[in-house]
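Below, each chain spelled out in residue letters.
Number of protein chains: 4
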Amino acid sequence: MSEADQLARRVADVLLAREGTGPAWGLVIEDALEGYARVRMRLRDDMLNGHKTAHGGMIFALADSAFAYACNSRNEATVAQNATIAFLAPARAGDVLVAEAKELSRAGKNGVYQVSVKTAAGRVVAEFTGFSRTVSGAVL
Amino acid sequence: MSEADQLARRVADVLLAREGTGPAWGLVIEDALEGYARVRMRLRDDMLNGHKTAHGGMIFALADSAFAYACNSRNEATVAQNATIAFLAPARAGDVLVAEAKELSRAGKNGVYQVSVKTAAGRVVAEFTGFSRTVSGAVL
Amino acid sequence: MSEADQLARRVADVLLAREGTGPAWGLVIEDALEGYARVRMRLRDDMLNGHKTAHGGMIFALADSAFAYACNSRNEATVAQNATIAFLAPARAGDVLVAEAKELSRAGKNGVYQVSVKTAAGRVVAEFTGFSRTVSGAVL
Amino acid sequence: MSEADQLARRVADVLLAREGTGPAWGLVIEDALEGYARVRMRLRDDMLNGHKTAHGGMIFALADSAFAYACNSRNEATVAQNATIAFLAPARAGDVLVAEAKELSRAGKNGVYQVSVKTAAGRVVAEFTGFSRTVSGAVL
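Chains as they are written, first to last, in the working numbering: chain A, 1 to 140; chain B, 141 to 280; chain C, 281 to 420; chain D, 421 to 560.
Be a bit skeptical, because a hint or two may be false.
Think about it this way: if two alpha-carbon atoms lie no more than 25 Å apart in a straight line, the pair counts; the simulated SDA-like pairs of lysine to any residue are [stated by the list, open to error]:
1. B:192 <-> A:20
2. D:529 <-> C:286
3. C:389 <-> C:286
4. B:192 <-> B:219
5. B:192 <-> A:38
6. A:52 <-> B:264
7. A:109 <-> D:499
8. C:389 <-> B:264
9. B:192 <-> A:52
10. D:472 <-> C:332
11. A:109 <-> D:529
12. B:249 <-> D:520
13. C:389 <-> B:193
14. C:332 <-> D:499
15. B:192 <-> C:356
16. C:382 <-> B:193
17. D:522 <-> D:466
18. C:389 <-> A:135
19. A:102 <-> A:52
20. C:389 <-> A:52
Because the hints were derived from the structure by calculation, they are not lab data.
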């Protein structure tokens, strides 16, 4: 594993440990590399909307977390500016959702990341695009 | 209060009662009218990211909830297709966030809603645009 | 008319005069105020896609122009960072499209604008949300 | 070349021949495969904004065209529902812009496509995500 990928993993682990959300959601980091992250979460009853399917906010939250680990992976503090999500199919209680974030582009302080959210069985649930901005400071 | 607005309020109350998310987040419906909803939530520690500010997923989730109540307000089952959010300023633990959803347009089964997320003091935190699609069935 | 609104109109007129696009498209500025612009364009055959309806790129281009005049209205050079558009109904050759841009929020260098695109008869065609960033320099 | 890819090429060629926009813009199809398209366009003076850089509308229009060829590639009539674009760096008169559209997901009638816009030299200009909906009918 390259030093860049080792750094990425450390950053993701530290971010998760610091945050209130990931632990509260049962979020697990499956992989974190330079410009890349894959996380998963099991859908609980308290993550469902009034139709008894995954609340869009929780699907977004999982994708946004993968995006955060990927865009901070170089240990340069980076924040989300903007994000878009398309909801393609519902998910239900007990489903394990996996969000995989890949870096599409970087230009100056701006970055673009594409995140696919699928069930563990590989059925697509949502596609997310995130736009980041690097600010001053390091994560670690 | 018009019958349409009374119906909107009943739909929102029923949706909130049915869902796992709103009660888990402490979400409160301040107002629900035809094509309109305003909700609030107090930011808890388990809603913060690794920078100790509101996780984008929770800001989105609040806006998405207001959007859901607004786009289902006519008691025609309606789902989110797509949403975009811009994060404009951070929010912190203890802040009360208010999301206000307004209907911009409807055309056939499609609707567009604009949701502003502000602190109770009126400072803007995020702007959200949601695109909905009416499906078959009623909410109530 | 306030000084701020007079300045907005001058900025919009100058931007239109400088650009290659607006004159090529027959774009007309109907109104330009602080944080606001309304423009129109008649759809020509060379603006249609393979279905003989308005090409999404031309609908976007009209909305993006209104957004540009609105977000530069204070004579502080401002650029588009990001934009989202929902296409709600088709438009056809000969239709006059009107794009009306309104400022939703500003926070630091960031701004959010909502642009509705309708036919002159008032039928909604698209809803656009634009995210701007103020850079250094003035327009005039 | 597979039959699916041959069909995709025919669909793209027919769409371009039918439309008013592509020929007016000097758009060239470099490649069109199942779920994929790559197109290019040289930036002319009448495609520039008031800052003398590529108008966002023209960058979007090029990406949207690649998206249209990709999402119609199976000869099932498909329209854009929604699109998001991030502008990452300016482009100037004379630059050749290349837009490459790839299919991310399909679920029922919905599809998601990612389009990168770069200069011929490979410098990224914009990233676009398009959401499509298949309607009834064929293209050819």
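Open item on the list: Taking the earlier hints as the rules, which of them does this structure contradict?
Closed with: 2, 4, 6, 7, 9, 10, 11, 12, 15, 16, 17, 19, 20
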